[in-house]
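**Q** Dock chain B against chain A, hints included.
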Amino acid sequence: MNSTRVKKVLIIAHGHPELNKGGGEIAAYNLFKALDEREDYEALFMGRQSVPGAQHGGTPFSTIAEKEVLFYGEGFDVFKFTQPNKRLLWHNFREFVEQFKPDIVHFHHYLHIGIDAIRVVKNVCPDAKIVLTLHEYLAICHNSGQMIKTNKKLCYQSSPADCHRCFPDQSPQNFFLRELYIKSFFKLVDQFIAPSQFLKDRYVAWGLEENKISVLENGQEPVILERFDKLDNSPKQVRLAYFGQLTQFKGLDVLLDAVDLLPGKVKKRLHLDVHGSGLEIQPIVFQERVTDMLNKLSKHVSYHGPYEPHEMAELIQEVDWVIVPSSWWENSPLVIQEAFKNGKPVICSDIGGMAEKVRNEIDGLHFRVGKATSLSKVLERVAENPVLQARLAANIKKPVSLIESAQEHHLLYQNL
Amino acid sequence: MEVGARTKMAHSAIKGHLEYAYPHGDGLLILGWCSELADSSQVNIILGVAEREEKVPLSSCVRYWRPDVAISLNADKDEHKALYGFVATFPLPEIEDEIELVGVSLVANNSDEDIVALLVPERLAVEETMRINWSIWYRVMKHASQTLKMHQAFENLVTRFGKIDQSETLSSAHSSHTTTALSNESEGENLNPLRLGFDLCARISEKALLVIGWVVSVDNNVVVSDLVLTNKTNVHISEDSSEELSFLEDVTWIPRTDVIQPLKLKFLNNKVGFVCFIGNCSLDGEELSLIAHSETGDSLSTKLPLKDYSANPFALSEHLFTLFAPSSDYMREVLTRHIGPAMKQVWATYRKQGFLTTSSRQVIQYGTEPSNPKVSIIVPLYKRFDFVEYQLSQFALDPYMKDVEIIYVNDDPESQAGLINFCHANYPVFEIPFKLLHGGKNLGYAGANNLGASIAKADTLLLLNSDVMPREPGWLAKMLEHYKTTPNIGALGARLLYEDGSIQHDGMTYVKFPFFQDMWICEHPYKGLSEKVTPVKPGLREVEAVTGACLMIDKERFKQVGGLDKNYILGDFEDSDLCLKLRVKGYKSYMLSEVSLYHLERQSQNLFANNDWKTKLTIYNCWQHTERWDVLISQLKEARLNELN
Chain A
0 MNSTRVKKVL IIAHGHPELN KGGGEIAAYN LFKALDERED YEALFMGRQS VPGAQHGGTP
60 FSTIAEKEVL FYGEGFDVFK FTQPNKRLLW HNFREFVEQF KPDIVHFHHY LHIGIDAIRV
120 VKNVCPDAKI VLTLHEYLAI CHNSGQMIKT NKKLCYQSSP ADCHRCFPDQ SPQNFFLREL
180 YIKSFFKLVD QFIAPSQFLK DRYVAWGLEE NKISVLENGQ EPVILERFDK LDNSPKQVRL
240 AYFGQLTQFK GLDVLLDAVD LLPGKVKKRL HLDVHGSGLE IQPIVFQERV TDMLNKLSKH
300 VSYHGPYEPH EMAELIQEVD WVIVPSSWWE NSPLVIQEAF KNGKPVICSD IGGMAEKVRN
360 EIDGLHFRVG KATSLSKVLE RVAENPVLQA RLAANIKKPV SLIESAQEHH LLYQNL
Chain B
0 MEVGARTKMA HSAIKGHLEY AYPHGDGLLI LGWCSELADS SQVNIILGVA EREEKVPLSS
60 CVRYWRPDVA ISLNADKDEH KALYGFVATF PLPEIEDEIE LVGVSLVANN SDEDIVALLV
120 PERLAVEETM RINWSIWYRV MKHASQTLKM HQAFENLVTR FGKIDQSETL SSAHSSHTTT
180 ALSNESEGEN LNPLRLGFDL CARISEKALL VIGWVVSVDN NVVVSDLVLT NKTNVHISED
240 SSEELSFLED VTWIPRTDVI QPLKLKFLNN KVGFVCFIGN CSLDGEELSL IAHSETGDSL
300 STKLPLKDYS ANPFALSEHL FTLFAPSSDY MREVLTRHIG PAMKQVWATY RKQGFLTTSS
360 RQVIQYGTEP SNPKVSIIVP LYKRFDFVEY QLSQFALDPY MKDVEIIYVN DDPESQAGLI
420 NFCHANYPVF EIPFKLLHGG KNLGYAGANN LGASIAKADT LLLLNSDVMP REPGWLAKML
480 EHYKTTPNIG ALGARLLYED GSIQHDGMTY VKFPFFQDMW ICEHPYKGLS EKVTPVKPGL
540 REVEAVTGAC LMIDKERFKQ VGGLDKNYIL GDFEDSDLCL KLRVKGYKSY MLSEVSLYHL
600 ERQSQNLFAN NDWKTKLTIY NCWQHTERWD VLISQLKEAR LNELN
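If you read the sequences in order, they're chains A and B.
Counting from 1, position 363 in the first sequence corresponds to residue 362 in numbering that gives the first Met the number 0; the numbering is continuous, with no gaps.
Counting from 1, position 1 in the second sequence corresponds to residue 0 in numbering that gives the first Met the number 0; the numbering is continuous, with no gaps.
In case anyone wonders, no lab produced these hints; they're calculated from the structure.
Just so it is clear, CB atoms sit at the ideal spot from N, CA and C, and this is done for glycine as well.
Take the hints with a grain of salt, since some may be wrong.
Derived CB-CB ranges, DEER-like [stated by the list, open to error]:
| # | chain 1 | residue 1 | chain 2 | residue 2 | range |
| --- | --- | --- | --- | --- | --- |
| 1 | A | 17 | B | 531 | 47 to 55 Å |
| 2 | B | 360 | A | 73 | 37 to 45 Å |
| 3 | A | 384 | B | 532 | 53 to 61 Å |
Okay, chain A solo, but in the shape it has when bound (with noise of 0.2 Å):
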């Protein structure tokens, strides 16, 4: 590729940090952002807007900053991923596509522009590179991109009869037919990112090609130091704290159990906060039964609500571990990245991504994934040895930046 002149990247994402907050958003917004600012990229942003009184009539498309466009999207096809007004496709992206004539496209996400974009970005620019930064493993599975089947148990590997077995309405033949389609467009692909090794392990046994993918990790924002309070050393209550929606495979349940096994005097040594939303969108059985042990345990828990992003490095610093205890894989979760930008170690599940984040008895602890019994241990332990916490925080390696982080896309983006 030529060194010299101005790179122009348009950097597509599922929505925008600003309407909604979550960590592939952010993530997409700020290597935009870090993209933008040095002086051989020009970037442009597009993010998906959901509100249609918001947009204009006769286009998709809206701006909410010079740079950052927006495009209504509704009624997109979950199964296969395509745009279902195609019109949008190969009438204004394409427009759109033209105008700005991209050397880089680096699609974030392929929901709500639809998979298909990638092929009409080949058609209008064939010269164009294409990279794709892979989340969760939507492509591989119809779980909500969870490798989790419909009966609750963890995922290894996708087959069109597996699949359907999860998904009885959807025969194999679909199933295979979603795999081959989906395909087809990611044989378009320049490059592939992963947040994860353990991701791209799982992107790899589906077929993608080993050195089609690159781990990066998502850059973070750097903490401002004054901040960085140091707390008592010796305090008389070890605080855990829980970031993130409030979903079912999240593992609320299993910490609230675990809290709840523990002998009532070490239950005194603890407190846990729960930071976080979205309960009320969960199946009644999950909410009666998280309702219930919070009302039971709340001397010892307290249940925050909702948090803006910005305000997660001051929540994290007031307590000394961050629990992720989430019974399906993740892949590279925003609140571990912040527990250890901000210095905190982390209890986890041990599989996945957050198995690979988190190395145990170095920067965290682990314990076995959906098991309240396992994690009661670990707990317990946190809880009689207060000096744990500060030997593995010194293990805390430093996370990424964000101007590394584009450093690392711009060498990727060179080698293609």
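**A** What follows is chain B alone, placed relative to chain A:
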């Protein structure tokens, strides 16, 4: 449902119908149905006999399950709710030879006006005219609730008329007009030993009929000597014999356990049911009678209503194929002598009406067609067309496709509008040019392919099913290269795989299928085996036939043999038929196993236990195919055997 009763529906809240009146030794049995009022105790059945009037409340009658009534009333079909049928008994002491019936009606208590149904006056002779309608009886027996079964009247019925075996019947439930006469055997008088019934009398054409029925003699010493069709209005008056057509000699006899069982007798032979195709029947009129004669001079007749199937092959086949079990050993003869010729005529009439031809060719071109296409791919579409999007996504990865003409043939007029929108939306995503062709009607698999071939520009065709997906780019180029460099090649096929990677097709061979009485079927060797177990043999190899799901053929040769044959009803065997037609002209069939595509075949036909109508249609097609090709296939098999030795 008449047997001598006419009914009138009054404008009232009760809905009902009286169906049968059976005089028996102890009185009168009435069968009918009645929909419930809120209070069924309000409904009475009033019987007018001679000078008397008897009244019986409906609630005291035995009720039984009538799902057919429930359906027509749009009501709950549940066995415990749809108890619309009723059996009413009227004991009539001192019953004589005849019952003079004034009328039977259903009346609601609260109003004299509320007469629901009326049986017209009729003389019912006790001895002779006791009729059993097998279908209604069968239904009553089969679905009778426990309550019904315990009712005394019911027990009497059973004693008199016998049980019907519920476990097996070919056609009792469907034979709605079987009639016979039963007499009071215990009286020991001079009785007619013959029993006669019919299942179907179909008009096949102006001159041809197909008759299916049964005849037995309950006395083993008395033999059936003739079966006769006549259009005489009164069968007992002998008239000119040219009004009669005798056909006993031409029938094929088949066993009928559903008939034999209730009669509780042993027979000397299995000549019970008969099937007969009467190709030249000069009897006029819509009302025929069927007469059976015995050697000893007895005769028995039944009216034979004609059902006109002369232009409706689908209805005829549906009716026919519910009457027979495909694996019976008589099937082949029945097909060859009777059903085959009948279906052939009806199908020919249907075709003559123009259902399978069209002069309309609506073509919509998406994108710019290649100027000199190397191959024309023809893909018939029927109802499900999302396959187009998947195929295009695969074609888009193959640079060879820019020299290929792609023709999608829509064979379903109802989906044309939706399909046009779909193509319009999807073409610009993939930018693979293709044509959408529509003939304005549903032509069937053969018709749709032939239509596509008629506008194809390249000199080589590839017939492709919509559910076949290419696996690797370059597959078509490879096939064409081999095709063009092989002399006397007719059809060229590729390996087809299921979605799990196991083999769906790797060439076809002919096999005599014992469950179809040794008629030829096309087998797919290695079906279901993995590629590991059946490695690819590189290069071309000659095979007996190739599947139409992915078939390459020279356009001229295709036209030379008349394209695909339209006489296979609803599709099947056309591809084998094509390969054999080519073979006759000296062109052989080949496989190129190193080229493989996915074939998402939905489900294979269960050839063994399925009595489904469509399976039986396949048997008809199988029979046609064997009739036409038995000799050639046998020769071909022998030649290959000799080659191996």
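**Q** For each hint, tell me whether it holds in the structure or not.
**A** Outcome of the hint check:
In this structure, residue 17 (chain A) and residue 531 (chain B) meet the distance hint of 47 to 55 Å, their C-beta atoms being roughly 54 Å apart. Range check, residue 360 (chain B) to residue 73 (chain A): Cβ separation about 39 Å, and the 37 to 45 Å hint holds. Checked against the hint of 53 to 61 Å, the pair residue 384 (chain A) and residue 532 (chain B) passes, with Cβ atoms roughly 58 Å apart.
The structure meets every hint from the earlier list without exception.
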